[in-house]
Amino acid sequence: MQLPLQITFRNIEPSESVAAKVRERAGKLERFVDKIIGCRVTIEAPHKHHHKGSPYEVRIDVTVPGSEIVVSRHPGQNGAHEDIYVAVRDAFNAMRRQLEEYINQRKGKVKSHVSLA
1 MQLPLQITFR NIEPSESVAA KVRERAGKLE RFVDKIIGCR VTIEAPHKHH HKGSPYEVRI
61 DVTVPGSEIV VSRHPGQNGA HEDIYVAVRD AFNAMRRQLE EYINQRKGKV KSHVSLA
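If you read the sequence shown in the working numbering, its first letter stands for residue 1, the second for the next number, and so on.
Accuracy of the hints is not assured; some may be wrong.
As the list claims (entries may be wrong) - Ranges between beta-carbon positions, derived for each pair:
| id | residue 1 | residue 2 | range |
| --- | --- | --- | --- |
| 1 | 106 | 83 | 27 to 37 Å |
| 2 | 16 | 66 | 28 to 38 Å |
| 3 | 15 | 38 | 14 to 24 Å |
Source of the hints: derived by calculation from the structure; they are not laboratory data.
Just so you know, these numbers come straight off a predicted model, no measurement behind them.
C-beta atoms are modelled at their ideal positions from N, C-alpha and C, and glycine is treated no differently.
Taking the hints into account, I'd like the entire structure generated from these sequences.
Structure representation (structure tokens):
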């Protein structure tokens, strides 16, 4: 992996297995978009004293030429983000969609709305 990757854990103990999953997913982004300058991932639990049942928040900041793309996945009501791996997966899927949009904008493939006036 060539891109500088920074992983931060807040209110939870750092986990090598979670960090490995983040590195794997970040590597896939790099294969998708080769001009990523940097990637910062923050994984946060809302309260330090909760160990089970607390939803995780994952924030990903990706720097590309001329732009910074940010995805933040806040815990939902359905409890899916109580699993840290699901929260990481959802955040990286959202980032991939944002990068697809970025690429399409750079290539001029964005749909434009036609005025009927």
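Right, here's what the structure says about each hint:
1. 106 x 83: 27 to 37 Å: Check passed, 34 Å falls within 27 to 37 Å.
2. 16 x 66: 28 to 38 Å: Between residue 16 and residue 66, where Cβ atoms are some 34 Å apart, the hint holds.
3. 15 x 38: 14 to 24 Å: holds, 22 Å
In summary, the structure agrees with every hint in the numbered list given earlier.
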